[in-house]
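Asks: Here's the letter readout for the chains.
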Amino acid sequence: MQAKIHNRDSFLGSLASKLGREINTQGVVRPPLPHNPHHDVMADFSQQQLADALLEFTKTNLNSLGVSCTKAELHETLISICTGFRAGKIVVSGDNRLAELDVANCLKLQFDDVYTWDVDQAHAVNIKQAEQAKVGIVFAEQALAESGTMVLHSAASHGRSVSLLPETSVFLVPQSQIVPRITQAAKVLHDKAQAGERLPSCVNFISGPSSTADIELIKVVGVHGPIHAAYVVIADM
Amino acid sequence: MSMKTSDVIFKQRIKDQMQDSFMRKSVANAQERMFTNRQLAADKLGNWDEWRENGKQIREHVLDNLDYYLHQLSENVQKAGGHVFFAETSEQATDYIENIIQEKNAKKVVKSKSMVTEEIGLNAVIQRNNCEVIETDLGEYILQVDDCDPPSHIVVPALHKNREQIRGVFEDKIGYKGSSDPEEMTRFVREHIRHDFIEADIGITGCNFAVAESGSISLVTNEGNARLATSLPKVHIAVMGMERIVPTFEELDIMVSLLCRSAVGLPLTGYVTAITGPRESNDMDGAEEFHLVILDNGRSDILASEFKDILRCIRCAACVNTCPAYRHIGGQSYGSIYSGPIGAVLSPLLGGYDDFQDLPYACSLCQACNDVCPVKIPLSDLLLKHREKMVIKKITPLAERMTVSAFNYLNSSPKLWNVAMKVGGKVAPKVIKDGKLPINVGAVAEWTEARDLPQPDGESFRSWFANRDAADAGKELAAVTGIVNPKPNLYSNTDKVEK
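Protein chains in written order, with our numbering: chain A, 1 to 237; chain B, 238 to 736.
In short, the hints are calculated from the structure, not lab data.
Check the hints yourself; a few may be wrong.
[As the list claims (entries may be wrong)] Calculated lysine-lysine pairs in the DSSO-like style (CA-CA distance at most 30 Å, straight line): (1) B:Lys-241 / A:Lys-18; (2) B:Lys-345 / B:Lys-241; (3) A:Lys-192 / B:Lys-316; (4) A:Lys-4 / B:Lys-344; (5) A:Lys-4 / B:Lys-345; (6) B:Lys-345 / A:Lys-128; (7) B:Lys-622 / A:Lys-18; (8) B:Lys-293 / B:Lys-626; (9) B:Lys-613 / A:Lys-187; (10) B:Lys-545 / A:Lys-18; (11) A:Lys-187 / B:Lys-316; (12) B:Lys-471 / A:Lys-89; (13) A:Lys-187 / B:Lys-293; (14) B:Lys-241 / B:Lys-613; (15) A:Lys-59 / B:Lys-281; (16) A:Lys-4 / B:Lys-471; (17) A:Lys-219 / B:Lys-281; (18) B:Lys-262 / A:Lys-219; (19) A:Lys-18 / B:Lys-630; (20) B:Lys-241 / B:Lys-262; (21) A:Lys-128 / B:Lys-341; (22) B:Lys-281 / A:Lys-187; (23) A:Lys-219 / B:Lys-414; (24) B:Lys-471 / A:Lys-128; (25) A:Lys-89 / A:Lys-108; (26) B:Lys-344 / A:Lys-128; (27) A:Lys-219 / B:Lys-410; (28) A:Lys-192 / B:Lys-471; (29) A:Lys-134 / B:Lys-345; (30) A:Lys-4 / B:Lys-341; (31) B:Lys-471 / A:Lys-134; (32) B:Lys-471 / B:Lys-341; (33) A:Lys-4 / B:Lys-316; (34) A:Lys-192 / B:Lys-293; (35) B:Lys-626 / A:Lys-18; (36) B:Lys-414 / A:Lys-128; (37) B:Lys-316 / A:Lys-18; (38) B:Lys-613 / A:Lys-18; (39) A:Lys-18 / B:Lys-631.
These numbers come from a predicted model, not from an experiment.
Sequences and hints are given; from them, build the entire structure.
Replies: In structure tokens, the structure reads:
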């Protein structure tokens, strides 16, 4: 179905007339911000310091597991994390970077039921696999040290459901991709948009497991999204 | 539910609510915690005022060029494959959404928390199509199963209920058998409605900020329900107030940073999600169809009025969490889905003075809200403006206007004023009995009803002041000012220096 815009001319016409002018659809320039405090946050941190800050925030503020390991230690680390969460079924994102790290294959040696998100399967099959999985494993584009956040970009092979439906989310992120804050992640999206690229249909900034404080303002972890989260920083990547 | 949540008159609502001691304690505790969390987060970030100034300027720039950014946004949503509907009224918005429901023959809709869909009364429209609608935010869900109890806070809608009340509601309505432990109840809801997300035909969300440069909408959430509602159903409808827009992701950074800290005291909430159009052609999940409904519903009139600044609002509730009036009367007293200072300014603008004329008076003009607002909205000034406007429009009660007119008349002539005060001084001791007047005069009636008047001694303040003992007066002045033996011509000297 052709995407449509309804009722725009009359809407904007009425808006402009209330402002006492013609509709303006061209030539507006964004004024520079009066202050730039967002560029100062953790500006002089090394990658190691950013990783430390990320993991510290994860433990203290998000009550989540955060570990750092080398590529060589990755398999062992993942097996131990999945064992800790008593994983039955595991779903792994179809992300090439996870395939290159041989994540699904290493887990298959230890766990009976490991499914990789598969673009050749039907929608319902993938969703059902993710629904039944205890653990979902994804690869983050970036991580934000200030807020303990993993940045995920959706794509055909990285379904949104992998980090959403299973009880536990495990995020892998290269240490080189840790940035101070959302400022640097927003820039990536800004640059794409300015280059005229279509953005991924879903970009998620995820900080820990799902939570709520809707009952007496008491924080409860695990509402509709995952109940647990674990971050794995790959130090030599 | 639409904007208006109660038919009971304002003062009765307040009286009723003030009886609810749990609610009052809970609101006071909540305010303290949320205020503290916000303050800690702002302090930790540092340069908070620079951040606020950035936020204010971004919002002002957008409002000044709203037609430009709405045009750009709609172009980019379309380019990403999404539909855009511009709705001047709430009926146009609900008609458009109702058409989609009918066209898809939808039987189930899952919603994530959205104030603007409350404002347009969307749920009733969905339900009249024989279609079930489930509010999936936990707070909204509690209220929905409790026969649509109105919200009392724009971020924590069920703040007025305690765990035992919630347990009771769940037991009666959804067969819950567990304890009143918040975690146990939360997990029960998780299991209870998970299937609804999978079965739903349509997911409906609000929009915290739309990003004009890419046609994206952002959702700032914690529970994961908005992610489910935008990932699993085949159709996603997002409804936004037309002012909720930023030019680019660079401004989104600033606004989200301000919003999360101001609302919950965190650098970011659990999920900040940016959705761009429907799923891409080879994506496995995400909606196949995306509709963005952009709502005016009175906002363009506000934009052209002296209340324009209120449109900078990002719905963080920092003002609600700091307001002493809200603390005492609770959110439901406002009778609007928008409570606290923001509600008292916004409700009369969107819903009219007929229904919300009392709200600008639910304020002591202490200005605490101005100081915490992340986009520097002068909320208390706007509340005062409402009062001025109602006086000019003669909306205030007749008795009040008559009292104020009489006061103005007496106050316009010093002679008349002196006579009135002398007479008043003599009459007052004869009519005030046990601290009460026989009649309560319009504008000050509530004040005189609530307080005991002192027993007058027959003299007006002015005549007492003129005749008071000069030595005593000197001592009193010295105590107040620290100046001993003030020169009688102190002030005229100052005058001369200035000249």
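Asks: Among all the numbered hints in the text so far, which are the ones the structure does not match?
Replies: Structure breaks no hint.
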